[in-house]
Structure formats: C-alpha cells, structure tokens
Amino acid sequence: MSHDIPTTPQPDPAETIMAAVAHGMNGQPEKATPLLEPFIAGGPVTAVGLCAALAEMSAMGPRQQLPEGGVFGLLVLNAADGTRADINDLPAGIRFAAQFSTAWGNGDRDTAYDLFHALVMPGTEEAAEAFADGVRALFDMAVASCNEMTGRTT
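Taking our numbering, the leading residue of the sequence shown gets 5, the next gets one more, and so forth.
Simulated from the structure, these hints should not be mistaken for laboratory data.
There may be inaccurate statements among the hints.
Label-pair ranges, simulated between beta-carbon atoms [claimed, not checked]:
#1 E133 to L78: 21 to 27 Å
#2 T154 to G127: 35 to 41 Å
#3 N92 to D112: 18 to 24 Å
#4 G127 to R88: 29 to 35 Å
#5 D8 to L70: 33 to 39 Å
#6 L79 to A132: 25 to 31 Å
#7 L81 to A45: 31 to 37 Å
#8 P42 to P71: 37 to 43 Å
#9 D16 to P66: 22 to 28 Å
#10 N82 to T50: 32 to 38 Å
#11 E60 to T37: 19 to 25 Å
#12 G155 to T128: 40 to 46 Å
#13 V75 to N30: 28 to 34 Å
#14 M64 to A132: 25 to 31 Å
Every residue gets a Cβ at the ideal spot worked out from N, C-alpha and C, and that includes glycine.
Work out the full structure: start from the sequences and follow the hints.
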C-alpha cells in the first residue's frame with residue numbers, strides 16, 4: 005500500500021518531523037524544508053525540540069548496539085586522509101550537530117541544551133547560518149540512521 009508523505013506541517017509536530025525525514029529517506033530532502041521551517045520560526049523552544057527529535061532519531065538505532073552502560077563518543081576524522089582531527093576545526097554548525105547529537109544520545113540533556121543556547125544566543129547572522137547548517141546536519145544524520153535501520157539506500 006502506498007501512502008503520500010505530507011508536504012505541509014501536520015497538527016502533530018512528531019508527524020511533521022517524521023514526514024520531513026521520510027522525504028529525506030526518499031531522496032527528496034528539499035521537500036523537508038517547508039516542514040521544518042515552522043519549528044525554527046517558532047523560536048528557541050520549538051527549534052531545540054526539532055534538534056532533539058532529529059538527534060533522537062539519529063541515536064535510536066546505534067544506541068541499541070551499545071553494550072550495557074556504554075556511551076557514544078565523538079571522534080573526528082580528516083576526510084582526506086583518515087587521521088584524527090580537532091572538533092574545533094569543524095564549521096560551527098557541523099560542530100554543534102556532532103556535539104549536540106552525542107550529548108543527546110548519551111542522555112546528557114543539559115549539555116545538549118547548553119550547546120544549543122551557546123550557538124543561537126549571539127543572535128547574529130553568523131549564528132543563524134551556523135544554526136541552519138547544524139539543523140541540516142542533524143537532519144542528514146537522522147535520515148542516514150533511519151535508512152540504516154530500515155535497510156534503505158537512496
């Protein structure tokens with residue numbers, strides 16, 4: 005049975021976020037933008053809620069693979085040569101997504117919220133661009149994780 009994926013925000017925020025991720029899983033991430041924009045435009049509470057939902061989706065499958073008492077770590081590798089890199093060398097939005105998703109995946113909500121506030125509180129154009137990059141990275145991680153859990157490839 006085929007179901008149409010919504011292209012407009014739904015009454016239930018979870019359904020809206022799931023629809024956005026489903027579009028990403030179908031190789032149409034551009035259809036996710038109008039679904040995610042209201043969360044960002046809604047202010048810090050809905051924006052951090054979006055980040056949390058995306059981080060939870062990206063951690064859900066891998067969390068099941070952790071040994072009892074295990075936690076997520078954060079390892080940054082240079083894509084060119086595979087050597088270790090410094091997290092501080094990443095662009096602010098990508099660094100935020102990596103650190104936020106790691107903290108969230110480990111259940112460290114306070115650190116995740118602190119990372120969010122540190123990124124967006126300057127209220128500058130640069131902070132807004134970094135936040136947009138961070139949300140996109142969290143979205144891409146959620147899509148990749150959901151694709152992996154379902155055995156899908158795009």
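Taking the hints in turn, this is what the structure says about them:
no.	hint	result
1	E133 to L78: 21 to 27 Å	holds, 23 Å
2	T154 to G127: 35 to 41 Å	holds, 38 Å
3	N92 to D112: 18 to 24 Å	holds, 19 Å
4	G127 to R88: 29 to 35 Å	holds, 34 Å
5	D8 to L70: 33 to 39 Å	holds, 36 Å
6	L79 to A132: 25 to 31 Å	holds, 29 Å
7	L81 to A45: 31 to 37 Å	holds, 35 Å
8	P42 to P71: 37 to 43 Å	holds, 39 Å
9	D16 to P66: 22 to 28 Å	holds, 26 Å
10	N82 to T50: 32 to 38 Å	holds, 35 Å
11	E60 to T37: 19 to 25 Å	holds, 20 Å
12	G155 to T128: 40 to 46 Å	holds, 42 Å
13	V75 to N30: 28 to 34 Å	holds, 32 Å
14	M64 to A132: 25 to 31 Å	holds, 28 Å
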